[in-house]
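K.L.:
The lines below spell out each chain.
Number of protein chains: 2
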Amino acid sequence: MNNVTITIDAMGGDYGVAVTVPAALSILKKYANVRLVLVGDEKQIKSQLGFLRRNNKRLSIHHASQQVTMDELPSKALRTKKDSSMRVAIDLVKSGEAQACVSAGNTGALMVISRFVLRTLSGVDRPAIVTIFPTVNSSKDVRMLDLGANINSCADHLYQFAVMGSVLTSALDDIETPKVGLLNIGEEEIKGNDLVKHAAQLLSESKHINYIGYVEGDDVFKGIADVVVCDGFVGNVALKVIEGTMQLIAFYIKQGFKKNWYSRIAAITAYPVLNDLKKKLDPGRYNGASLLGLQGIVIKSHGGANTPSFANAIKEAILEVEKNVPQRIGEQVGIMLEEAEF
Amino acid sequence: MNNVTITIDAMGGDYGVAVTVPAALSILKKYANVRLVLVGDEKQIKSQLGFLRRNNKRLSIHHASQQVTMDELPSKALRTKKDSSMRVAIDLVKSGEAQACVSAGNTGALMVISRFVLRTLSGVDRPAIVTIFPTVNSSKDVRMLDLGANINSCADHLYQFAVMGSVLTSALDDIETPKVGLLNIGEEEIKGNDLVKHAAQLLSESKHINYIGYVEGDDVFKGIADVVVCDGFVGNVALKVIEGTMQLIAFYIKQGFKKNWYSRIAAITAYPVLNDLKKKLDPGRYNGASLLGLQGIVIKSHGGANTPSFANAIKEAILEVEKNVPQRIGEQVGIMLEEAEF
Chain A
128 MNNVTITIDA
138 MGGDYGVAVT
148 VPAALSILKK
158 YANVRLVLVG
168 DEKQIKSQLG
178 FLRRNNKRLS
188 IHHASQQVTM
198 DELPSKALRT
208 KKDSSMRVAI
218 DLVKSGEAQA
228 CVSAGNTGAL
238 MVISRFVLRT
248 LSGVDRPAIV
258 TIFPTVNSSK
268 DVRMLDLGAN
278 INSCADHLYQ
288 FAVMGSVLTS
298 ALDDIETPKV
308 GLLNIGEEEI
318 KGNDLVKHAA
328 QLLSESKHIN
338 YIGYVEGDDV
348 FKGIADVVVC
358 DGFVGNVALK
368 VIEGTMQLIA
378 FYIKQGFKKN
388 WYSRIAAITA
398 YPVLNDLKKK
408 LDPGRYNGAS
418 LLGLQGIVIK
428 SHGGANTPSF
438 ANAIKEAILE
448 VEKNVPQRIG
458 EQVGIMLEEA
468 EF
Chain B
128 MNNVTITIDA
138 MGGDYGVAVT
148 VPAALSILKK
158 YANVRLVLVG
168 DEKQIKSQLG
178 FLRRNNKRLS
188 IHHASQQVTM
198 DELPSKALRT
208 KKDSSMRVAI
218 DLVKSGEAQA
228 CVSAGNTGAL
238 MVISRFVLRT
248 LSGVDRPAIV
258 TIFPTVNSSK
268 DVRMLDLGAN
278 INSCADHLYQ
288 FAVMGSVLTS
298 ALDDIETPKV
308 GLLNIGEEEI
318 KGNDLVKHAA
328 QLLSESKHIN
338 YIGYVEGDDV
348 FKGIADVVVC
358 DGFVGNVALK
368 VIEGTMQLIA
378 FYIKQGFKKN
388 WYSRIAAITA
398 YPVLNDLKKK
408 LDPGRYNGAS
418 LLGLQGIVIK
428 SHGGANTPSF
438 ANAIKEAILE
448 VEKNVPQRIG
458 EQVGIMLEEA
468 EF
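The listed protein sequences derive, respectively, from chains A and B. For the first sequence, counting from 1, position 225 maps to 352 in the numbering used here; every step adds exactly one. For the second sequence, counting from 1, position 81 maps to 208 in the numbering used here; every step adds exactly one.
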């Protein structure tokens, strides 16, 4: 395997260096071909490394004096935070010193800065956020996009999301022609708003997309589609509602097993199963959303990610570097969009 | 308690009379003040009653020769199905022979026909679909609207949904000033699309709405808001995604407990807890969405509802009749909208 260098926005997320530094160390232990650059306040990073009493030759520190806060206006972050850990981590991808960047920081700022610094691939109007979900078909996952990068998409954008999602799935999962579904509120032709109706037309006319038609919210997890496409507002609501539902059910399970002495004993017996379930319901297991459509790899981790979960986001970055995702998307988007006469 | 008469679209839903007839009988057994009118094919209804070998004096049959199919175009159903079980069931509410109607049929058709026959309350532009969800605060539920009646809402509509949702919650749950949240993709003022930003302005200026600001998808189940307001496209996706996530987790639980001999034994020990959980995750427990804003009560049951679940939808109708919901909404909407200078 070739050497892979990835920059880490060490200050991003709810826990900053307390999570990003140990996650980086754990990755270096597992991947001998990976180099990581921790970007952020040198003092804080060094102090965290000292606290952990660990270090690694393939780990370097790149000092950045500023930090993008979680509630900062993205345009303001772009204008005023030119030496922020997030910005510098992306700059290093642009300059070729690294092949990917991972951040758990402010999603809007990450999107705006990435787009400004790295630019979109030729033929891509807007980048999209994509992540993977499990399905009831254990051998099959589903990717959904856009999850919040674009809040007023037009049909052409949804078409581009379909192209990018297909190429990503094809590259990472070795599926030749991934099945693409369009998120709608009904399976029948008669339902849906103008946006999805128009996008459905574009997708069904395309020779390059294996378009399977509309899918509803509850179809996402059925494994009938490999890629589900939607506007970013709808996708982000769906993403958060999935998290909320999982938290609600986890609460029910806990409450149920704590109810009385009998259920407490049952909980002990059922511990291995419950522990397995807990792992499956952990959103961190699937942590690491890609900002797709850029001339470079940017992975967004959940802001509240813990160490193993942030490490998963770094793994996603390594995988996309090794599979050469942006180049493949660039080539395919070029071919598909050209033939679709855009 | 006063007498309550409710019409049942006996042919609606995936199972028609096989579910609607036994559900009606179970309700009559529990509610001595309720009369039910089964509307639909007399032969089929009688045959089902004969099959069950049961009847009830407070149960009557109103023959209707047509049926609205699940995939029928709503406008076509309105035009051509004037003697359908759905249409006649609503007509009987309009004529005053019944105070509410329950149907598990085609949602779009039910909405279009209800609106045409019953008309909206003065001050309400569009009816909305509302239902109730549990939260992690066991003493608190949350109502969410619109869940699919309107796919291109404007800010005024979202404001009206907030008013209607508040009044309904106030009437049914005795909460004086229900907390209203607006579904968005970020908690901060900087996020969201133009629709939610404009609606947020209207809501925060209102003296009559206890507006608590933006809520994200994962906040819905936290019990921080009593009412969550959104556009129908987004709301319907959220509703279906909740169902899909619950199905996925139910699948995981089953799979986990069937894995090996140990987990199978654990499943036996944990049976009471798992059974309780199964009941809690059953979407039928909360079956019965209201079509709010009409001059009459119309309750939509899930199309795939089983007998106890369809009975829950009838219970919701009874409750709304007893609490005089449409009149209360009409009064409050009138006052609030007038003072808001609409």
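You may find that some hints are simply not true.
Because identical chains cannot be distinguished in the list, a pair is counted as satisfied if it fits within a single copy or across any two copies.
[Stated by the list, open to error] Taking lysine-lysine and the BS3-like style, the derived pairs with C-alpha atoms no more than 27 Å apart in a straight line are: (1) LYS385 - LYS349; (2) LYS184 - LYS407; (3) LYS203 - LYS267; (4) LYS442 - LYS267; (5) LYS203 - LYS324; (6) LYS349 - LYS386; (7) LYS385 - LYS267; (8) LYS407 - LYS334; (9) LYS203 - LYS381; (10) LYS267 - LYS386; (11) LYS381 - LYS406; (12) LYS385 - LYS450; (13) LYS386 - LYS170; (14) LYS405 - LYS386; (15) LYS334 - LYS221; (16) LYS156 - LYS203.
If you are wondering where the hints come from, they were derived from the structure by calculation, not from laboratory data.
K.L.:
For each hint, tell me whether it holds in the structure or not.
P.N.:
Comparing the hints with the structure gives:
Taking CA atoms no more than 27 Å apart as the test, LYS385 paired with LYS349 passes between copies only; the shortest distance there is 20 Å, against 31 Å inside one copy. Taking the shortest alpha-carbon separations for LYS184 and LYS407, neither the intra-copy value of 34 Å nor the inter-copy value of 52 Å comes in at or below 27 Å. In the homo-oligomer, the alpha carbons of LYS203 and LYS267 never lie at most 27 Å apart, since the shortest distance is 41 Å inside one protomer and 39 Å across protomers. When the C-alpha separation of LYS442 and LYS267 is checked against a cutoff of 27 Å, the pair qualifies only within one copy, where the shortest distance is 19 Å, while the shortest distance between copies is 40 Å.
With identical chains, the CA atoms of LYS203 and LYS324 are at most 27 Å apart between copies only, with a shortest distance of 19 Å across copies and 36 Å within one. For the homomeric pair LYS349 and LYS386, the shortest alpha-carbon distance between copies (21 Å) is at most 27 Å, but the shortest distance inside one copy (32 Å) is not. When the C-alpha separation of LYS385 and LYS267 is checked against a cutoff of 27 Å, the pair qualifies only between copies, where the shortest distance is 20 Å, while the shortest distance within a copy is 34 Å. Neither within a single protomer nor between protomers do LYS407 and LYS334 lie at most 27 Å apart by alpha-carbon distance, with minima of 37 Å and 45 Å respectively.
Within a single copy, LYS203 and LYS381 get their C-alpha atoms no closer than 43 Å, and across copies no closer than 49 Å, so neither meets the 27 Å cut-off. For the homomeric pair LYS267 and LYS386, the shortest alpha-carbon distance between copies (19 Å) is at most 27 Å, but the shortest distance inside one copy (36 Å) is not. Taking identical chains as interchangeable, the C-alpha atoms of LYS381 and LYS406 lie at most 27 Å apart whether they share a chain (14 Å) or sit on different chains (15 Å). Taking the closest pair of Cα atoms, LYS385 and LYS450 never come within 27 Å of each other, the shortest separation being 46 Å inside a single copy and 37 Å across copies.
Neither within a single protomer nor between protomers do LYS386 and LYS170 lie at most 27 Å apart by alpha-carbon distance, with minima of 48 Å and 49 Å respectively. Taking the closest pair of Cα atoms, LYS405 and LYS386 come within 27 Å of each other both inside a single copy (19 Å) and across two copies (15 Å). In the homo-oligomer, the alpha carbons of LYS334 and LYS221 never lie at most 27 Å apart, since the shortest distance is 34 Å inside one protomer and 51 Å across protomers. Taking identical chains as interchangeable, the C-alpha atoms of LYS156 and LYS203 are never at most 27 Å apart, the minima being 37 Å within one chain and 65 Å between chains.
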